[in-house]
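Student: Listed below, chain by chain, are the residues.
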Amino acid sequence: MAEALVLGTKSFCLLINNVETNLEYAALSNASYNRLNRNSFSANKLETEMLRLGEFNSRSCDGISRRAFVQAGAALPLTAMLSGEQIAQAATQARAKTVVFVWLWGAPSHLDTFDPKPDAPLNYRGPFSTIPTTLPGVRFTELVPKLAARTDKFALVRSNITHDGGHPGAGTFGYTGHREGRGITIQPSWGSIVSRHHGAGEGLPPYVMLSRGIPRDVVKTIDGYGGGDWGKAYDPFLIQCDELGTINIPALKLVDGVTPDRIAHRRNLQGQLDKIRRNVTADTFDAWDSKSKQAFTLLTNKQALESLDLTKESTELRENYGQSSFGQSLLLARRLVEAEVPFVNVSWSEFVEAFSPNTDFGWDTHVKNFDLLPNRHCPVLDTAFSAFLDDMYDRGLMDSTLVVCMGEFGRTPRINNRAARDHWQHNYFSIWAGAGVKPGQVIGASDGKGERPVTRGIEPTGVGVTMLDCMGIDSIARAELNVLPDGEFIHELF
Amino acid sequence: MNSSNSGPSHRHAFLVVMTVLSSLLPMAKAAEPVRLTTDGRMKQDLCFTYDTQELIYSVLKTPQLIKLQRLNLESGNLQDFHTSANTNEIYIDFAKDMKHYAYIRNDGNLHTVLQVQDVENGELHSLNPGGGFACVRALTISPDGQNIVYSFPETNGSQQLWQTDNRLQNKKELTKSDFIDAYPRYSPTGNVITFTSTRSGNFDIFRMSADGTGIFQLTDNPGIDTRPSFSPDGSKIVYTSLRQGNYEIFIMNADGSNQKQVTKNPGKDDFACWHPDGKRILYVAEVKGKRDIYSISVEDMRD
Chain A
413 MAEALVLGTK SFCLLINNVE TNLEYAALSN ASYNRLNRNS FSANKLETEM
463 LRLGEFNSRS CDGISRRAFV QAGAALPLTA MLSGEQIAQA ATQARAKTVV
513 FVWLWGAPSH LDTFDPKPDA PLNYRGPFST IPTTLPGVRF TELVPKLAAR
563 TDKFALVRSN ITHDGGHPGA GTFGYTGHRE GRGITIQPSW GSIVSRHHGA
613 GEGLPPYVML SRGIPRDVVK TIDGYGGGDW GKAYDPFLIQ CDELGTINIP
663 ALKLVDGVTP DRIAHRRNLQ GQLDKIRRNV TADTFDAWDS KSKQAFTLLT
713 NKQALESLDL TKESTELREN YGQSSFGQSL LLARRLVEAE VPFVNVSWSE
763 FVEAFSPNTD FGWDTHVKNF DLLPNRHCPV LDTAFSAFLD DMYDRGLMDS
813 TLVVCMGEFG RTPRINNRAA RDHWQHNYFS IWAGAGVKPG QVIGASDGKG
863 ERPVTRGIEP TGVGVTMLDC MGIDSIARAE LNVLPDGEFI HELF
Chain B
2 MNSSNSGPSH RHAFLVVMTV LSSLLPMAKA AEPVRLTTDG RMKQDLCFTY
52 DTQELIYSVL KTPQLIKLQR LNLESGNLQD FHTSANTNEI YIDFAKDMKH
102 YAYIRNDGNL HTVLQVQDVE NGELHSLNPG GGFACVRALT ISPDGQNIVY
152 SFPETNGSQQ LWQTDNRLQN KKELTKSDFI DAYPRYSPTG NVITFTSTRS
202 GNFDIFRMSA DGTGIFQLTD NPGIDTRPSF SPDGSKIVYT SLRQGNYEIF
252 IMNADGSNQK QVTKNPGKDD FACWHPDGKR ILYVAEVKGK RDIYSISVED
302 MRD
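Going down the list, the sequences are from chains A and B. This note's numbering numbers the first residue of the first sequence as 413 and each following residue consecutively. This note's numbering numbers the first residue of the second sequence as 2 and each following residue consecutively.
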């Protein structure tokens with residue numbers, strides 16, 4: 413149960429008190445306002461609520477800070493409340509139809525990629541040289557030349573921080589903004605929040621994860637990848653895309669007698685669909701879990717299915733992305749953007765480990781950092797992500813899509829005793845593009861060794877609030893969903 | 002070339018002049034590359050056998066497995082080198098008499114061991130670098146098959162070159178520095194080792210006597226120069242360079258002079274080795290998003 417208050421300023425704001433959690437929220441969204449009206453929120457606690465506005469510490473897309481709310485609330489009488497029509501006129505629309513969340517699982521070194529420190533001692537700066545970018549005075553390492561030539565297409569944040577130095581913990585922070593651990597509530601992930609807010613459409617699920625599997629290390633999967641305490645209905649719909657662009661949907665393997673491993677091959681697909689239709693009765697359908705139902709719905713929806721068919725792309729374009737699972741997954745992500753899937757998560761790998769048996773070469777370079785980065789990881793990232801940005805801009809998709817690319821933390825600025833780099837949660841980078849993000853800028857800065865930000869540290873909650881706000885899930889909507897009461901919107905991006 | 006133990010400023014000036022001059026030279030005319038594989042998978046660590054003259058390399062066979070593979074250049078036949086291998090295997094090298102070969106095996110989480118196979122008696126020797134995260138890096142086996150040199154990190158964050166015999170006994174540290182030394186390769190006589198090192202501030206190519214003395218710097222570029230390998234007659238070294246902003250294959254004389262660009266491809270060219278005939282270089286090129294093995298003649302460049 414939530415209660416809504418409406419205050420007036422030159423613009424307007426809505427304040428909500430979630431009665432169950434006693435947390436307050438604020439927002440500026442037209443859509444949220446309409447939802448509030450539909451839900452018959454009451455405004456009978458205005459005066460007491462106004463005194464508690466200071467509890468709210470988020471920041472909106474339009475830069476309305478906590479202080480601004482407090483000042484506005486204190487200055488205006490109740491009669492200054494705006495009408496619903498006025499509110500609607502002033503409201504902020506969602507900036508994006510889709511978020512593409514590119515997850516560099518295992519955590520790439522910030523010093524060896526986008527935040528080099530050429531003036532630091534050799535045992536910090538490492539062996540890689542720096543090259544100029546299209547931004548005056550901004551340099552990357554020589555390992556990412558294509559992205560260095562495209563800094564006019566994205567904004568780079570160099571002051572990310574997180575609060576856990578282990579992969580599962582930092583992974584959950586990176587996906588939910590919250591800690592994981594025994595006895596702790598598992599918060600829903602960004603994609604699950606978007607999924608619940610938007611609801612399921614026809615065909616494609618609202619939260620698609622393109623990965624070989626749920627992000628994990630050799631010990632366990634992260635807790636925060638999906639719906640958490642909301643349940644598996646809000647988990648991501650997993651689609652595997654291999655280096656040739658062949659699609660596999662693991663959820664279908666859960667359905668007795670249905671094993672369409674290769675739906676990209678159209679002849680195979682038709683046979684599999686026939687088999688599905690023969691085998692599936694109303695009773696069996698009802699018995700399936702939500703993911704199996706989603707999978708079946710997808711496979712019987714021609715339009716949705718076509719979105720997964722990379723053979724519809726030109727050979728040249730597919731080549732531009734490179735023959736890698738990551739590259740082809742990014743191309744598939746672009747097709748899902750066109751299909752208006754609200755949240756697409758592309759994960760670099762299933763496992764964090766960079767070089768371990770039966771894992772898929774994540775970014776966790778405790779060893780071989782200076783071998784793997786130039787030999788494999790950075791060339792693949794540089795080629796695939798550059799092609800993705802080019803393709804998205806060429807098709808005019810960036811105005812309505814927010815692209816965020818990051819890992820769960822950075823890596824030790826000081827080279828470790830294995831001539832590599834360990835975990836470093838105190839400073840890392842993220843790349844942002846589209847949906848009104850002002851490209852061609854570097855936000856935040858780290859110190860001379862890349863150890864700590866010298867500007868405001870941007871936390872996972874800030875990343876989440878910014879993504880969700882861009883999707884129209886403002887603080888009112890978040891209050892309704894009882895998620896992310898904290899988090900500072902990254903206003904510098906816009 | 003000058004020794005690293007004397008006249009560093011003169012050496013540096015010489016290298017800079019030489020590098021500038023070499024960069025001003027037009028790319029020597031090389032024949033068109035010939036594509037040898039077509040699967041497009043990630044490949045690295047090319048090496049020839051001395052008897053059957055098959056090409057051995059490591060390839061990403063599945064999303065979770067790198068295997069050693071053998072390619073017969075005449076028949077085009079492709080086979081797994083170790084058919085039953087179920088974990089990552091990389092970086093193989095052979096003794097000239099083919100009685101021994103060495104490679105690196107990924108036997109645990111962020112852990113690799115050096116393996117030496119005695120072909121005659123079937124014995125497999127394994128050098129375990131210790132518990133926890135620990136990786137033996139690149140290796141080279143002496144032409145007579147008696148010694149293996151490999152790179153391994155030190156606790157101070159550096160990485161040194163070590164020598165061991167083919168039963169993995171009598172370990173000896175060849176380089177002692179604060180830098181990262183990597184990718185060693187014996188000369189055909191076994192008297193000299195060329196390798197990559199950061200002792201110039203970034204990755205450049207060096208050479209030294211097989212006992213670790215007399216270290217010479219051969220290249221000096223702000224971009225990466227790495228993965229050197231001697232030609233069969235020992236007069237040339239092929240290597241990868243990022244000096245122009247993209248990974249290309251270069252060759253130079255064994256003393257570092259006469260540096261020439263061999264490939265010019267918008268994609269990444271890397272992991273070069275000499276064909277046993279000394280007239281061709283084989284390497285992995287990324288062309289149209291695919292990473293395949295190409296052969297290119299350098300006969301006209303050998304002056």
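Everything labelled a hint here was simulated from the structure, so no lab data went into it. Hints are supplied without guarantee of correctness; some may be wrong.
With beta-carbon atoms standing in for the labels, derived distance ranges [unchecked claim]:
no. : chain 1 : residue 1 : chain 2 : residue 2 : range
1   : B       : N266      : A       : G549      : 16 to 24 Å
2   : B       : Q80       : A       : T727      : 25 to 33 Å
3   : A       : T727      : B       : Q54       : 43 to 51 Å
4   : A       : R826      : B       : N129      : 46 to 54 Å
Some chain A residues near chain B, calculated using beta-carbon distances under 10 Å [to be verified]:
no. : residue
5   : I626
6   : D654
7   : L656
8   : T777
9   : N787
10  : P897
11  : H903
12  : F906
Some chain B residues judged to face chain A by a derived CB distance under 8 Å, without partners named [as the list claims (entries may be wrong)]:
no. : residue
13  : T88
14  : N89
15  : M99
16  : N110
17  : A135
18  : K289
Since this is a predicted model, take the numbers as computed values, not measurements. The beta-carbon is built from N, C-alpha and C at its ideal position, and this holds for glycine as well.
Student: Tell me, which hint numbers fail for this structure?
Tutor: Hints 1, 3, 4, 5, 10, 11, 12, 15 contradicted; others consistent.
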